[in-house]
Each structure stands twice: as C-alpha cells, then as structure tokens.
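On the provided structure of chain G, position chain V as indicated by the hints.
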Amino acid sequence: MELLTRLISTALLTLRDVMPIFAVIFGFQIIVLRQRIPNLRKMLTGLVYVLLGLTLFLVGLEEALFPLGELMAQQLTNPEFIRGGIASASEALNWADYKWVYLFAATIGFATTIAEPALIAVAMKANSVSGGSIGVWGLRVAVGIGVAIGIALGTFRIVTGTPLHYYIIAGYLFVVVQTLFAPRIIIALAYDSGGVTTSTVTVPLVAALGWGLASTVPDRSPLIDGFGLIAFASLFPMITVMGYAQLAEWRIQRARRKHMSAGD
Amino acid sequence: MSSKLIRYVASLFGSFRDLVPIIVVIGFFQLVVIRQPIPNIGNILAGALLVAIGLSLFIRGLEMGLFPIGESMAYAFARKGSLTWLLLFAFALGFGTTVAEPALIAVAGKAAMIAAQAGVIDSTADAQSSYALGLRLTVAVSVGFAIVVGVYRILKGWPIQYLIIAGYCGVVIMTIFAPEEIIGIAYDSGGVTTSTITVPLVTALGVGLASSIKGRNPMIDGFGLIAFASLTPMIFVMAYGMLV
Numbered sequence: 001m002e003l004l005t006r007l008i009s010t011a012l013l014t015l016r017d018v019m020p021i022f023a024v025i026f027g028f029q030i031i032v033l034r035q036r037i038p039n040l041r042k043m044l045t046g047l048v049y050v051l052l053g054l055t056l057f058l059v060g061l062e063e064a065l066f067p068l069g070e071l072m073a074q075q076l077t078n079p080e081f082i083r084g085g086i087a088s089a090s091e092a093l094n095w096a097d098y099k100w101v102y103l104f105a106a107t108i109g110f111a112t113t114i115a116e117p118a119l120i121a122v123a124m125k126a127n128s129v130s131g132g133s134i135g136v137w138g139l140r141v142a143v144g145i146g147v148a149i150g151i152a153l154g155t156f157r158i159v160t161g162t163p164l165h166y167y168i169i170a171g172y173l174f175v176v177v178q179t180l181f182a183p184r185i186i187i188a189l190a191y192d193s194g195g196v197t198t199s200t201v202t203v204p205l206v207a208a209l210g211w212g213l214a215s216t217v218p219d220r221s222p223l224i225d226g227f228g229l230i231a232f233a234s235l236f237p238m239i240t241v242m243g244y245a246q247l248a249e250w251r252i253q254r255a256r257r258k259h260m261s262a263g264d
Numbered sequence: 001m002s003s004k005l006i007r008y009v010a011s012l013f014g015s016f017r018d019l020v021p022i023i024v025v026i027g028f029f030q031l032v033v034i035r036q037p038i039p040n041i042g043n044i045l046a047g048a049l050l051v052a053i054g055l056s057l058f059i060r061g062l063e064m065g066l067f068p069i070g071e072s073m074a075y076a077f078a079r080k081g082s083l084t085w086l087l088l089f090a091f092a093l094g095f096g097t098t099v100a101e102p103a104l105i106a107v108a109g110k111a112a113m114i115a116a117q118a119g120v121i122d123s124t125a126d127a128q129s130s131y132a133l134g135l136r137l138t139v140a141v142s143v144g145f146a147i148v149v150g151v152y153r154i155l156k157g158w159p160i161q162y163l164i165i166a167g168y169c170g171v172v173i174m175t176i177f178a179p180e181e182i183i184g185i186a187y188d189s190g191g192v193t194t195s196t197i198t199v200p201l202v203t204a205l206g207v208g209l210a211s212s213i214k215g216r217n218p219m220i221d222g223f224g225l226i227a228f229a230s231l232t233p234m235i236f237v238m239a240y241g242m243l244v
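Going down the list, the sequences are from chains G and V. Note that the working numbering has the first sequence beginning at 1, numbered continuously upward. Note that the working numbering has the second sequence beginning at 1, numbered continuously upward.
Only chain G is shown next, with the shape it has when bound in the complex (with noise of 0.2 Å):
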C-alpha cells in the first residue's frame, strides 16, 4: 500500500517535470507545423511507456539502491572507518589513506553509468546511425571507464583539497590536443557523452559522495568542496570516448597491414 502511493506521487512527479516538454513539442505541432502526425497513437502509447518505465525506475531505485548506496557514501567517509587501519588516533589522515574511498567511487561511477538510461538511448542511436560500427556495449563500457576514472580523481580533488579549475583546464586541453588526432566521426558523439552521463542513477550517488566527503575531510565546507564531482563525469568521457574510437581505428589499421604484408 504505502509501495502504491509512492508510485503514484513518484507518477505525478515525473508528468508534472515532463510538463513543459510536452507543451512545447505539441504547441509547436498544433500551432506551427500543423501536420497529421502518422503513427500517433503508437507514438503516444510509446509516451506512456516512457512515463511508466521512469516512474517503476526510480521507484525502484529509491526503495533498494539509494538509501544503500547513500549509507555506503557516508561510511566509507567516516573518518572512523578510515582510522580502522591506522594504529595511533592523533596521527593525521593523507590521502593514501582514503584508498576506499576512491576505489568505490570508481565502480559505483562505472556500475551507476552502466545502468543510465540517456546513455542507452544515445548509444541506441548511434549504433544505428552509424549502422552498427558504434557498438552499444562499446560506447556504454567506453563512458563507464570515463566517469569512473573522473569520479575518482574528483574524491582524490576533494581529499587533497587542490583547486577544482586546475584540474578541469587540464582536462579540456587534453580533450583539445586528442580531438586534433580522433576520426572525425566519433567527435561530435564523444562530446555529447560528457553531458549524457550525469542523469537519474549517477547524481544522487554521487552527490551523496561529494558531500559525505567534504563534510568529512577537516578543512573542506561541503558547500564549496562537495560540487565539482559532475563536472569530472561530465569531462572524462569525451576522453574515454574517443580513445575508444582511437582503438578500433588503430586495431583495424594494423590488421590491415598484416593483411597486406602478408599477402606479399
């Protein structure tokens, strides 16, 4: 009963935030385009679907993973549980002694990613634009690597205390220089794989990371230090992405090469 009317408050939630959407996509059609739209009950009942499917999801993840995996953020950031493995109390943590701390936020950002529905839709639709040389396993995996190693290095920012700016201007040259060499046709896609990943699964997980670790860590104001994680999952993506790109024209180049040498 009580699973119901969460349910249904969670349904009107999410019509209420699809609202504005709506009323644009369909005053534009009334009003402007003023077409039949063909299929539209198709179209509609596949709205429902959406709806639906968004609603059972983050039911589904506000009952089993969040309170877990947000319990989990702030245990393994409890500075008790850090002092687990160090032998005299008065001794000052560094940063090696998170070590926890950042293997988690590696995999709970990979396994998070993994599970984002945005990300399933774009790689959908690139494996079909790209009539199927983009994998969807290849891209989701290839994201997955990106905000896992960004979610890490963000805890390391965090714990270290280091400006967040040096870091993301690092980043942005490296997205820079490596776009000079990537195949063209994997730039526009790597790009957009930066703002795709942070949606329903991954930011509240590791919004209660950020901030478990900033309220923590002596010196560091949740306020401040406990932004900054999106932003790391939303760069190193782009790296991942076309690095992944990178590969598979690197692999296929060399087997052709092999081919012809050995056709010599």
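These are computed hints drawn from the structure, not numbers from a lab. Hints are supplied without guarantee of correctness; some may be wrong.
[Claimed, not checked] Straight-line alpha carbon distances no greater than 30 Å define the calculated BS3-like cross-link-like pairs of lysine-lysine that follow:
hint: 1; chain 1: V; residue 1: K214; chain 2: G; residue 2: K42
hint: 2; chain 1: G; residue 1: K42; chain 2: V; residue 2: K110
hint: 3; chain 1: V; residue 1: K80; chain 2: V; residue 2: K156
hint: 4; chain 1: V; residue 1: K214; chain 2: V; residue 2: K80
hint: 5; chain 1: V; residue 1: K80; chain 2: G; residue 2: K42
hint: 6; chain 1: V; residue 1: K214; chain 2: V; residue 2: K156
hint: 7; chain 1: G; residue 1: K99; chain 2: V; residue 2: K110
Showing chain V alone in chain G's frame:
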C-alpha cells in the same frame, strides 16, 4: 502473443543485466569492506525488479515514442523550411526542458545557500529564493541558446570542434574572473541540465535534421546538441555569479 511475451521477458532480462554492476559493487563494499550484513534484502530485491521493469518499458517507449517524435518534428521543420520557427522551437525546447528540471532546482537552492554564506546576498529566505530563481532562469536561457546554436551548426554543417573549443576558452576566461565560490556550481550545472527525457528527444532531433538536409552526415553533424547544452550553462552561471 507468445512471441511478444518472449520478447518482453528477453528485454527484462537485458535490463537486469544492466543492474548487475551496481548490485556487485554495493554487495562487495557492504560485505567485504564495511563488513555489515545487507539490510532489508527483500526490499532491495523488490526495488531491483521495479528498476528492471521500468528500464525495459522506458527503452520500448523510446523506440515507439520519443525517437519518432524527435525525428518527425525534425523532418516537418525541414519540409516547412522556416529558419525562424525552427530556431524558436530549438530555444523553447532547451528552455522548457531545463527550467523545471528537478536536479537544477536542487543545485540552485544549494547555490543560494553558498551565496548567502559568502555574504554575496542577504541570508533571508526571500533573497535566497530570488537568487535561486535567477540562477534557474539563467541556466534555462543558456540551454535554450545552446540548442539554437547547435541546430544552426547542423544546418550550416560547421565542424563541432571549433565551436566547442571556443566555448572552452570562454569557460577558462570566465573562471579567471568569476568569484571562487560559484566555480564548482557553474562547472556542475553543465552536467545536471540534461535529463533522461531531454537527451533522447534532442538527440533524435539532431540526427533527424542532419539526415533530412542534403550533404549532412547524421553521425558527424547530427550529434553534438547535448555537448552545447552542457557547455553554455558553465559560462552563463559564472557570468551570473559575477553580476549578482
């Protein structure tokens, strides 16, 4: 009917597979690192089942609803041939999908708290809520602007990297001048603006536009709208931090 059922069960199974990494990570840390039993295991399994059903429904709905809507609108605008209406639609879509985004509302609220703490604004509830609203409108306008630029780029076929690199330069320059407490929020606001419904819709719109215009490659020209939508909020939010 039975083949439909089999297809559904198969997609449900696929969605379960998408959840396996999360379950493994949480299980490992709970049992091996924190060394605590997993609480409410029944709840967790029920929740995971809901997530899997939801995900497979969502994916089915994408193929039936969101993708075709984005594409058919792209084709309709291309046929109509009015640049003004297309750009107006692009702005409305970007603005409309962002202004009510729950993640953005949360971030704007926290940003107002920071601003009050730093003494930039009064710490009254009134001042904070008007600061938060201003920030939300700023981000929504910036996303609307981003989609307009992104759509125009698709029409013209400009290479995306020049625009994005120029945008990065903008971010770096703004970072030098922006107050320090706004930088983290500004950088994060790029990532939180793009929601689960917006992304498939905007992607289908871009790919649809690129495929309906002669000489555009949907792979090279069709993607990239999301990239603009994640970039411009950073610049606009830092500008907001400097002005307010």
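Need the status of pair K80 (chain V), K42 (chain G): alpha-carbon distance at most 30 Å? holds, 24 Å
When you check the alpha-carbon spacing of K99 (chain G) and K110 (chain V), does it fall within 30 Å? holds, 29 Å
Assess, step by step, whether the Cα of K214 (chain V) is no farther than 30 Å from the Cα of K156 (chain V), and give holds or violated. OK: K214 (chain V) and K156 (chain V) at ~11 Å, within 30 Å.
Pair hint outcome, K214 (chain V) versus K42 (chain G) [Cα-Cα no greater than 30 Å]: holds, 29 Å
Would the pair K214 (chain V) and K80 (chain V) pass a check requiring their Cα atoms to be no farther apart than 30 Å? Satisfied, since the Cα-Cα distance of roughly 15 Å is no more than 30 Å.
Straight-line alpha-carbon gap K42 (chain G) to K110 (chain V), limit 30 Å: violated, 41 Å
Has the given pair, K80 (chain V) with K156 (chain V), been kept, meaning a C-alpha gap of at most 30 Å? Holds, because 17 Å separates the two Cα atoms, which is no more than 30 Å.
The structure fails to meet hint 2 from the earlier list, while all remaining hints are met.
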